[in-house]
Amino acid sequence: MACLGFAIAFVLIGGRLVSFGFAATGKSGGGAYDISTTIHRPDILDRHGRLLATDIRGATLYADPKKVIDCDELAEQVASVLPEVNVDNLRKRLKAGGRFVRIARELTPTQQSEIYELGQPGLGFIEEYRRVYPVGATASHVVGLVDVDNRGLSGIEKFIDENPQLTMASPETPSGEDTVTISLDLGVQYVLREELMKAKKTFEAKAAAGVVMDVHSGEVLALASLPDYDPNHREQALDKNRLNRMVFGTYEMGSVFKVFTVAGVLDLGLASLNTRYDATNPIHYGGFTIHDFHGLHRSLTTAEVFIHSSNIGAAKMALQMGIDRHRAFLKKLGLLTPVTTELGPSAAPILPPHWEKLNTMTIAFGHGLSVTPLQLAASTLPIVNGGIAVQPTFLPRTREEGMAEGHHVLKASTSAAMLKIMRMNVVKGTGRRANAEGYRVGGKTGTAEKVVHGRYSNSALLTSFLSVFPTDDPQYLVLVMLDEPQRVAATRGYATAGWNAAPTVGKIVARIGPILGVQPKLDVAAR
Amino acid sequence: MLRFVNICLVLGLMALAYVIYQVKYEARVLDEQIVALNKHIDDERDSIAVLRAEWSLLNRPERIERLAKKYLKLEPVRPQQLVILDEVTDHDFERGSVPEASAPATTAPVKAASN
Chain G
1 MACLGFAIAF VLIGGRLVSF GFAATGKSGG GAYDISTTIH RPDILDRHGR
51 LLATDIRGAT LYADPKKVID CDELAEQVAS VLPEVNVDNL RKRLKAGGRF
101 VRIARELTPT QQSEIYELGQ PGLGFIEEYR RVYPVGATAS HVVGLVDVDN
151 RGLSGIEKFI DENPQLTMAS PETPSGEDTV TISLDLGVQY VLREELMKAK
201 KTFEAKAAAG VVMDVHSGEV LALASLPDYD PNHREQALDK NRLNRMVFGT
251 YEMGSVFKVF TVAGVLDLGL ASLNTRYDAT NPIHYGGFTI HDFHGLHRSL
301 TTAEVFIHSS NIGAAKMALQ MGIDRHRAFL KKLGLLTPVT TELGPSAAPI
351 LPPHWEKLNT MTIAFGHGLS VTPLQLAAST LPIVNGGIAV QPTFLPRTRE
401 EGMAEGHHVL KASTSAAMLK IMRMNVVKGT GRRANAEGYR VGGKTGTAEK
451 VVHGRYSNSA LLTSFLSVFP TDDPQYLVLV MLDEPQRVAA TRGYATAGWN
501 AAPTVGKIVA RIGPILGVQP KLDVAAR
Chain L
1 MLRFVNICLV LGLMALAYVI YQVKYEARVL DEQIVALNKH IDDERDSIAV
51 LRAEWSLLNR PERIERLAKK YLKLEPVRPQ QLVILDEVTD HDFERGSVPE
101 ASAPATTAPV KAASN
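Those sequence lines, one after another, are chains G and L. For what it's worth, our numbering labels the leading residue of the first sequence as 1, then goes sequentially. For what it's worth, our numbering labels the leading residue of the second sequence as 1, then goes sequentially.
Source of the hints: derived by calculation from the structure; they are not laboratory data. One thing to keep in mind: the hints can contain errors.
[Unchecked claim] Think about it this way: if two alpha-carbon atoms lie no more than 20 angstroms apart in a straight line, the pair counts; the simulated PhoX-like pairs of lysine-lysine are: (1) LYS206/G x LYS240/G; (2) LYS198/G x LYS69/L; (3) LYS198/G x LYS507/G; (4) LYS201/G x LYS507/G; (5) LYS69/L x LYS507/G; (6) LYS428/G x LYS521/G.
[Unchecked claim] Chain L side only, calculated, beta carbon under 7 angstroms to chain G, not exhaustive: (7) ALA49; (8) SER56; (9) LEU57; (10) PRO61; (11) VAL77; (12) LEU82.
The structure presented is a predicted model; accordingly, all values stated were derived computationally and were not measured. No residue lacks a Cβ here, since even glycine has one placed at the ideal position from N, Cα and C.
Please model the complete structure; the sequences and the hints are all you need to start from.
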């Protein structure tokens with residue numbers, strides 16, 4: 001009996017010893033080097049693998065009030081190294097007690113060693129990840145930014161947090177960083193932003209915005225909205241004036257809407273390019289008068305209405321379609337509902353409360369319906385790519401995928417006719433200054449009067465140019481918008497789109513054409 | 001006899017205890033090495049991240065463009081400088097230039113400085 005008792009006791013003790021042995025190994029073997037309290041985010045790369053955002057490690061200084069000997073001295077000494085620290089505030093927080101008081105984030109190694117040299121007990125460092133954007137403001141409105149805890153606040157950064165499945169180990173880097181690749185092309189993005197900055201300065205505009213899209217895949221290759229912000233200084237992003245106008249600003253876009261009006265009558269089979277519309281006299285309706293800016297006072301063909309940007313002609317086309325068909329057509333192109341991308345839903349378009357005959361007439365030339373510029377660009381895709389509505393995206397997608405996921409909304413013949421008159425408009429119409437030698441640009445100008453104090457003002461303009469190139473094999477769409485460009489000497493006192501937005505597009509296309517590998521053709525330049 | 005067996009067992013036990021102690025000690029040293037190496041790997045990873053950030057900071061298009069303007073005698077490619085191979089005749093080959101291309105920049109390969 002006693003023997004059995006001893007045996008059991010020995011087995012128990014032995015078993016316990018073995019378990020101690022395993023536990024000890026497990027503990028030290030686990031040795032995970034946990035350095036971080038913040039989230040480690042994946043790197044963001046552009047379509048060619050260029051780095052747009054990455055994480056680097058930085059030290060955060062904290063104090064443990066239980067170990068601090070003299071709060072006042074410590075606060076003053078810390079402030080001598082880190083001038084941004086508020087002494088009174090820190091002293092108060094230290095005296096309040098507890099075990100953890102965060103003093104400063106994102107310390108440089110020099111500051112860190114200076115803190116060490118203070119020799120104060122109770123101070124310590126934890127290491128945290130910090131987001132850096134090497135290209136600065138260049139892609140800020142697309143990439144977005146993060147908060148102090150490294151959580152995505154806006155743009156692709158926010159989208160990544162909501163969709164962690166996007167992250168994958170990069171095959172290109174040996175250490176296998178987690179990365180997310182987006183559709184942006186840094187080269188194109190840089191050119192777009194730089195030309196917009198130049199245009200904003202030259203024409204003394206309040207704001208400028210632009211987008212470059214692939215017409216088949218729906219990928220956004222570049223998107224800029226000025227003024228923008230440097231995501232490395234996140235406080236700048238709070239400024240309302242720096243919002244992303246492409247996605248979150250709604251505007252009455254003006255004559256670029258004639259693209260949709262003309263496409264409408266062509267697609268519904270109501271007119272051909274040679275159908276004539278009488279634009280001899282202004283239209284008077286319900287106390288309003290519709291004039292032509294470039295008045296020709298004669299009957300115009302469909303193509304002429306487009307290239308001379310006749311408001312009267314466009315209004316007559318819309319009336320020919322009728323309110324319901326006009327509205328249905330705009331709806332089919334997606335102009336009446338917000339467009340959803342990885343940046344979130346765009347601002348909702350502002351529709352007239354009661355869509356009547358006058359609304360249809362004014363919307364025909366882009367007044368009375370406010371849309372976001374990105375929505376305008378997205379709705380133009382089917383008009384220039386053979387009739388297929390493609391969802392715009394900021395993630396890489398091939399042209400075949402884009403075409404396969406889209407759906408037919410227009411006849412291919414409508415698209416072909418629209419490309420023809422868009423090219424004509426650049427060769428001999430209002431968009432002449434948008435021509436980029438060899439790249440066969442086609443497009444439409446838009447000059448809208450902004451509403452100032454409840455009425456349309458002829459001095460506060462919103463000009464835009466909606467274009468596609470090359471028109472004989474459409475590949476890319478470029479939209480540029482300038483908010484309140486002034487009548488400057490360089491434009492001989494004009495402030496309309498043909499003088500500011502159009503030449504900006506011309507310059508952009510001439511620079512991005514070679515980057516995107518579009519073959520220039522000089523012999524068809526005059527086609 | 002029993003005494004001999006007991007002595008053998010005690011000696012065996014001591015030998016085993018020594019070996020186990022030795023193995024455990026080595027394991028502990030190796031564990032410490034693993035921790036140190038993991039930390040080292042993390043540090044290296046972080047410096048790679050910093051270097052990559054620095055690399056792309058130095059490769060910003062605006063900086064490359066500024067440097068290209070300063071040090072290279074290149075200019076953005078003009079459409080006239082690009083021709084399709086099928087359009088080049090044998091005669092053009094012999095002359096060493098193509099009619100569309102204008103005089104100055106036909107010899108040097110010109111790259112778009114903006115990219």
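Quick rundown of the hints versus the structure:
no., hint, in the structure
1, LYS206/G x LYS240/G, "holds, 13 angstroms"
2, LYS198/G x LYS69/L, "holds, 18 angstroms"
3, LYS198/G x LYS507/G, "holds, 11 angstroms"
4, LYS201/G x LYS507/G, "holds, 15 angstroms"
5, LYS69/L x LYS507/G, "holds, 18 angstroms"
6, LYS428/G x LYS521/G, "holds, 18 angstroms"
7, ALA49, "holds, 5 angstroms"
8, SER56, "holds, 4 angstroms"
9, LEU57, "holds, 4 angstroms"
10, PRO61, "holds, 4 angstroms"
11, VAL77, "holds, 5 angstroms"
12, LEU82, "holds, 6 angstroms"
Going through the hint list in order, the structure satisfies each hint without exception.
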